[in-house]
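My request is simple: use the sequences and hints to build the entire structure.
Counting from 50, one number per residue, gives the positions in the sequence shown under the working numbering.
Careful: at least some of the hints might be erroneous.
The calculated EDC-like cross-link candidates involving lysine to aspartate or glutamate, where the alpha carbons are at most 20 Å apart (straight line), are [said to hold, decoys possible]:
#1 Lys116 / Asp106
#2 Lys255 / Glu90
#3 Lys130 / Glu90
#4 Lys129 / Glu87
#5 Lys130 / Glu87
#6 Lys129 / Glu78
Just the calculated beta-carbon pair ranges, DEER-fashion [claimed, not checked]:
#7 Asn131 / Thr187: 28 to 36 Å
#8 Leu209 / Gln166: 17 to 25 Å
#9 Gly253 / Trp273: 22 to 30 Å
To be clear, the hints were calculated from the coordinates, so they are not data collected in a lab.
Beta carbons are placed, not taken as given, at the ideal position from N, Cα and C, and that holds for glycine.
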Amino acid sequence: ISMCTHRILDNGTFGFQSANGVQYGLAMEYWANVIHAEVPEFVMTPLIDVDYQSWEDIYAFMGDEQKVSQFIADALSYAKKNGYSGYNMDIEFNDTPQSFGVRYTQFLDTFADALHQHNMTLTDAISGYCPPWFNGETCTQIATSHLDRVFTMNTYQEGLAKFKEYVAASQQTFGAKNAVGMSNSQDPNNLHSQDAMNFAVQHGVKDLALWVLADPYPQNTTIWSDIGYFLHYAQ
Numbered sequence: 050i051s052m053c054t055h056r057i058l059d060n061g062t063f064g065f066q067s068a069n070g071v072q073y074g075l076a077m078e079y080w081a082n083v084i085h086a087e088v089p090e091f092v093m094t095p096l097i098d099v100d101y102q103s104w105e106d107i108y109a110f111m112g113d114e115q116k117v118s119q120f121i122a123d124a125l126s127y128a129k130k131n132g133y134s135g136y137n138m139d140i141e142f143n144d145t146p147q148s149f150g151v152r153y154t155q156f157l158d159t160f161a162d163a164l165h166q167h168n169m170t171l172t173d174a175i176s177g178y179c180p181p182w183f184n185g186e187t188c189t190q191i192a193t194s195h196l197d198r199v200f201t202m203n204t205y206q207e208g209l210a211k212f213k214e215y216v217a218a219s220q221q222t223f224g225a226k227n228a229v230g231m232s233n234s235q236d237p238n239n240l241h242s243q244d245a246m247n248f249a250v251q252h253g254v255k256d257l258a259l260w261v262l263a264d265p266y267p268q269n270t271t272i273w274s275d276i277g278y279f280l281h282y283a284q
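Below, the structure written as structure tokens:
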């Protein structure tokens, strides 16, 4: 999954977040072409964030059918042009009412349905435990949504004990939709990789989600060993 290059801009359109966003976005476009020429099945998924500063503004956007339709059309066109597999949503607003969660779930379902018509996927970054701490959603709304996967963010932040707690809880709640979030920026001391990956496999996890962050974020090269352990135990 990419850097946070793509956004719902504050005018409700699909675009890059900043000058750096454009730079990273163009780099991703270039490497998508290079990699797909070598490995056509390689999955590259841009992450979508928002420019809106308040939940009230994004709430209004999601209630504007015309803006939502245009946003989805532009995002779909861009994904088709660059051979992307779909998108990963990462919208995080704290202290939102349940009405926001209802509308956000409806937006995700509409977006997912449009992508599915073109054999693309939509995933959503979540906190990884219930109830989620942002967007006003309930775990039932997430579990029954049209999302293909949910990616847990707290699984790469709080150490091995919490990793196990979050993996067990999210796997029980989301089942086949659950993918354990990992990042190359995580502190390598946070996870004992063999133990963590074996635990995930033993609890039925089928997918890892890897957020690849560039400089100036610290790089953790042991993430590739973690993935290797996951594949080893899965086999």
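Verification of the hints:
no., hint, in the structure
1, Lys116 / Asp106, "holds (13 Å)"
2, Lys255 / Glu90, "holds (18 Å)"
3, Lys130 / Glu90, "holds (16 Å)"
4, Lys129 / Glu87, "holds (18 Å)"
5, Lys130 / Glu87, "holds (18 Å)"
6, Lys129 / Glu78, "holds (11 Å)"
7, Asn131 / Thr187: 28 to 36 Å, "holds (34 Å)"
8, Leu209 / Gln166: 17 to 25 Å, "violated (41 Å)"
9, Gly253 / Trp273: 22 to 30 Å, "holds (23 Å)"
In this structure, only the earlier hint numbered 8 is contradicted, and the remaining ones agree with it.
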